[in-house]
Amino acid sequence: MTETVISVRGLRTKLGGKEIHKDLDLDVRKGEILGIVGGSGTGKSVLMRTILGLIKPREGSIEVLGRKVDPLDRKTMLELERCWGVLFQDGALFSSLTVCENVEVPMREHLDLPSALASDLALLKIKLAGLKAEDGRKIPSELSGGMRKRAALARALALDPDIVFLDEPTAGLDPVGAAQFDELLQNLSKNLGFTVFLITHDLDTLYAVTDRIAVLADKKVLVTAPIAELERHPHPWIHEYFHGPRGRAAHDSAMLVARS
Amino acid sequence: MTAKAQVSVSEEGETARVRLAGPWTVAAAADLDGQLKKLRLKSKRATLDLSGIDAIDTAGAWLIRQAAKTLVEGGVSVAFAGADRQASALLETVGAVDQDSNPPRKEPPSFEEMLARLGFHTAFAIREARNFLGFFGLTIETFAATALRPVRFRFTSFVFHLEAVGLNALPIVGLISFLIGVVMAYQGASQLRFFGAEIFVVDLVAISVLREIGILLTAIVVAGRSGSAFTAQIGTMKLREEVDAMRTLGLDPVEVLVLPRIAALVVALPILCFFSDILGLLGGMLMAWVNLDISPQAFITRVQDRIPIRHFWVGMTKAPVFAAMIGLVGCYQGLRVKGDAGSVGRLTTRSVVQSIFLVIVADAIFSIFFNLINI
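Chains L and P are the protein sequences, given in the same order.
Counted from 1, the first sequence has number 100 at position 108 by the numbering used here; the numbering is strictly sequential.
Remember, the numbering used here sits 170 above the position in the second sequence when you count from 1.
Please note that the accuracy of each hint is not assured.
As the list claims (entries may be wrong) - Below, computed lysine to any residue pairings styled on SDA-like, alpha-carbon distance capped at 20 Å:
hint	chain 1	residue 1	chain 2	residue 2
1	P	Lys508	L	Asn183
2	P	Lys208	P	Gly245
3	L	Lys130	P	Pro278
4	P	Lys239	L	Gly164
5	P	Lys207	L	Ser111
6	P	Lys508	L	Asp62
7	L	Lys130	P	Pro279
8	P	Lys207	L	Lys182
9	L	Lys6	L	Asp62
10	P	Lys207	L	Met139
11	L	Lys124	P	Asp254
12	L	Lys22	P	Lys208
13	P	Lys508	L	Ala84
14	L	Lys182	P	Glu262
15	L	Lys130	P	Gln256
16	P	Lys208	L	His102
17	P	Lys508	L	Pro106
18	L	Lys124	P	Glu262
19	L	Lys22	P	Arg255
20	P	Lys174	L	Asp104
21	L	Lys182	P	Pro278
22	L	Lys182	P	Gln256
23	L	Lys22	P	Gln256
24	L	Lys130	P	Glu277
25	L	Lys124	P	Lys174
26	L	Lys182	P	Pro279
27	P	Lys508	L	Lys22
28	P	Lys174	L	His102
29	L	Lys182	P	Ser258
As the list claims (entries may be wrong) - Label pairs and their calculated CB-CB ranges:
hint	chain 1	residue 1	chain 2	residue 2	range
30	P	Ala295	L	Leu64	26 to 36 Å
31	L	Thr(-6)	P	Ala415	44 to 54 Å
32	L	Asp65	P	Ala225	19 to 29 Å
33	P	Thr519	L	Pro228	24 to 34 Å
34	P	Arg319	L	Leu7	28 to 38 Å
35	L	Asp65	P	Lys174	26 to 36 Å
Bear in mind the hints are in silico, worked out from the structure with no lab data behind them.
Don't be surprised by glycine CBs; every beta carbon is placed ideally from N, CA and C.
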């Protein structure tokens, strides 16, 4: 029996009068890379933001690492914020700080580190995320899209989190950059041992890195299963997703990689 | 709570045994860094015993690597022992990326750097002035082209901006001018009373409001409220690539965005200036009546008899010039926006500061000019 790090039960969220989730259940196991897929507007990002405590749900409970998520409970949230790292869709790097300073922000906020040590550790994270040490001096607007995602990943990893939330990390990257990012993510999660909550539309990423995939549709998590099982799932949207032209192409290339 | 992370040394003969124990995580990093810095060995060989470590993350692994590196540089040969699977994986991951040396830390700026920065900013200011002049020329050229083919003029946009910069600015311009008129009459009265020359308050208020205060106040308010708006509007469009989209559709951004805005300002500012003159005089008249018992009729008669109309025309002449300056600076800074959202804010500030600066410089030049030709 593997440990569950995130457990969502009976979640109901409403945004602007519109019901986004209803009776949504989800379990994320320790150490896995869980992919979240769903059509546009099915509330993938909303689910992530609800788990992070940025949106308050109408009903239901969320537990992360055995603690109940409640935006009003500042003490618990502070503990939780030390245990997770988040990569937002467009990086959300602080534009007035250099990359290095961006990575140092969580360390300065949560830990009392000497500044030389903090900047050394930040440089380490920057290099772990696949950037060069010189890039640490740049400000976000001087970085390309792919570098910005890597810098955001470095910031997400600043406190050696147990869980990393990634919102479309490969969106807007060229295929080569996206493949490199997949590889980086897989290596890091294996070597550093964190759990990944991965929202993505990138079928190649799904095939390359995920252990299981949760499909969001009809306001709930329809099914959570490894990709091989999902390919045989009868639900029309899931079928279309994995057997449409893009799905087939990703499947074929994944098979090719597996064979070689 | 687990035991405190710590470093302990036992030296037996040639080999030192350094025992690392407890949680080696980022939370303990500051403490561990201090302990490792104090580590001094007499022996020439050291074994780092990691078996006591019960939790480790990248920060811990990095500290261990750093300690080993320092020992090796001090001529001690280092071996690891008792690392579990997770610890060795982390040590390897961290070691793999830590190969290349870090760039040197930033030093406080030296004198040469300050000199270089001064030079850079001077060159920047010159380039900026040249670019602005270029933009001025481009606008004139587009204006001439539009004058030849008036159908191309964006009339709807012009009217929209006329409302935004003209009509909507009336209350604030009026209020400020009225209050300044009141203040001038009040202050003037208290000084002129010493000479028994209270009646000259009328001359004071009328000449200064008509010649300088009315137009300057209006121009400054408009620069703050409309010049900044131009920069922000055009800058946001630039950021969202709307300006580029416009170009690819065959629309000229100067013709579509810049001309209607500048034209609206050039029309609106003289009207606002006239309004400001009237309100300023009203404020002065009210104060003269309340404070000095100069009745409104006496005030108006004295203005008509004693104040030549040329003072009014001096003020009004400046209005379209100031308007063109404010509009040009606002649009120019807007089109210079690029990169991130922060640049909109930065350039909006610069737009306001520059246009007010230019307005005041131009006002000084006008003063000298009118003085020379005896107006």
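Now for the hints, and whether the structure bears them out:
A C-alpha spacing of about 39 Å is found between P/Lys508 and L/Asn183, which places the hinted pair above 20 Å, so the restraint is violated. For the hint pairing P/Lys208 with P/Gly245, the CA-to-CA distance comes to about 17 Å; that is within 20 Å, so the pair holds. Proposed proximity of L/Lys130 and P/Pro278 is supported: the alpha carbons are some 18 Å apart, at most 20 Å. The suggested pairing of P/Lys239 with L/Gly164 is violated, with an alpha-carbon distance near 40 Å, which exceeds 20 Å.
Under the criterion of a C-alpha separation no larger than 20 Å, the hint pairing P/Lys207 with L/Ser111 is consistent with the structure, at around 17 Å. Simply put, P/Lys508 and L/Asp62 have alpha-carbon atoms about 40 Å apart, too far for the 20 Å limit, and the pair is violated. At most 20 Å may separate the alpha-carbon atoms for a hinted pair to count; L/Lys130 and P/Pro279 meet this at roughly 18 Å. Proposed proximity of P/Lys207 and L/Lys182 is contradicted: the alpha carbons are some 31 Å apart, above 20 Å.
With a CA separation close to 16 Å, the supplied pair L/Lys6 and L/Asp62 stays within the 20 Å bound. A threshold of 20 Å between alpha carbons decides the hint, and for P/Lys207 with L/Met139 the separation of about 34 Å lies outside it, so the pair is violated. With a C-alpha separation of about 30 Å, the suggested pair L/Lys124 and P/Asp254 falls outside the 20 Å cut-off, and the hint is violated. About 38 Å separates the Cα atoms of L/Lys22 and P/Lys208, which puts this hinted pair outside 20 Å; it is violated.
Distance check on the hinted pair: P/Lys508 and L/Ala84 sit about 18 Å apart at the alpha-carbon level, within 20 Å; holds. Distance restraint check for L/Lys182 and P/Glu262: the Cα-Cα separation of roughly 12 Å lies within the 20 Å cut-off, and the hinted pair is therefore satisfied. Restraint check for L/Lys130 and P/Gln256: not satisfied, since their Cα atoms lie roughly 33 Å apart, outside the 20 Å limit. Restraint check for P/Lys208 and L/His102: the C-alpha separation of about 25 Å exceeds 20 Å, so the hint is violated.
Of the supplied pair hints, the one linking P/Lys508 and L/Pro106 is violated, its CA atoms being roughly 36 Å apart against a limit of 20 Å. Proximity of L/Lys124 to P/Glu262 is assessed by CA-CA distance (about 18 Å); at most 20 Å being required, the pair is judged to hold. Taking the CA atoms of L/Lys22 and P/Arg255, the gap is near 18 Å; set against the 20 Å cutoff, the hint holds. Using a Cα cut-off of 20 Å, the hinted pair P/Lys174 and L/Asp104 holds, with the two alpha carbons roughly 16 Å apart.
A hinted pair counts as satisfied when its Cα atoms are at most 20 Å apart, and L/Lys182 with P/Pro278 does not qualify at roughly 41 Å. In summary, the hint linking L/Lys182 to P/Gln256 is supported, as the alpha carbons are separated by about 10 Å, within the 20 Å threshold. Taken as a hint, the L/Lys22 and P/Gln256 pair is honoured in the structure, with Cα atoms around 15 Å apart against an allowance of 20 Å. This hinted pair checks out: L/Lys130 and P/Glu277 have alpha carbons roughly 16 Å apart, not beyond 20 Å.
Taking the CA atoms of L/Lys124 and P/Lys174, the gap is near 34 Å; set against the 20 Å cutoff, the hint is violated. Distance hint between L/Lys182 and P/Pro279 is unfulfilled; the C-alpha atoms sit about 43 Å from each other, more than 20 Å. As the CA atoms of P/Lys508 and L/Lys22 are separated by approximately 43 Å, the hinted pair breaks the 20 Å bound. Distance check on the hinted pair: P/Lys174 and L/His102 sit about 19 Å apart at the alpha-carbon level, within 20 Å; holds.
Of the pairs offered as hints, the one joining L/Lys182 and P/Ser258 holds, with about 13 Å between alpha carbons and a cut-off of 20 Å not exceeded. Roughly 52 Å separates the CB atoms of P/Ala295 and L/Leu64, a value that falls outside the hinted 26 to 36 Å. About 51 Å separates the C-beta atoms of L/Thr(-6) and P/Ala415, a value consistent with the hinted range of 44 to 54 Å. A beta carbon spacing of about 25 Å between L/Asp65 and P/Ala225 agrees with the range 19 to 29 Å that was offered as a hint.
The supplied range of 24 to 34 Å is broken by P/Thr519 and L/Pro228, whose beta-carbon atoms lie about 55 Å from each other. Remark: the range hint 28 to 38 Å for P/Arg319 to L/Leu7 is contradicted by a beta-carbon distance near 50 Å. Checking the proposed 26 to 36 Å range against L/Asp65 and P/Lys174 shows it holds: the Cβ atoms sit about 28 Å from each other.
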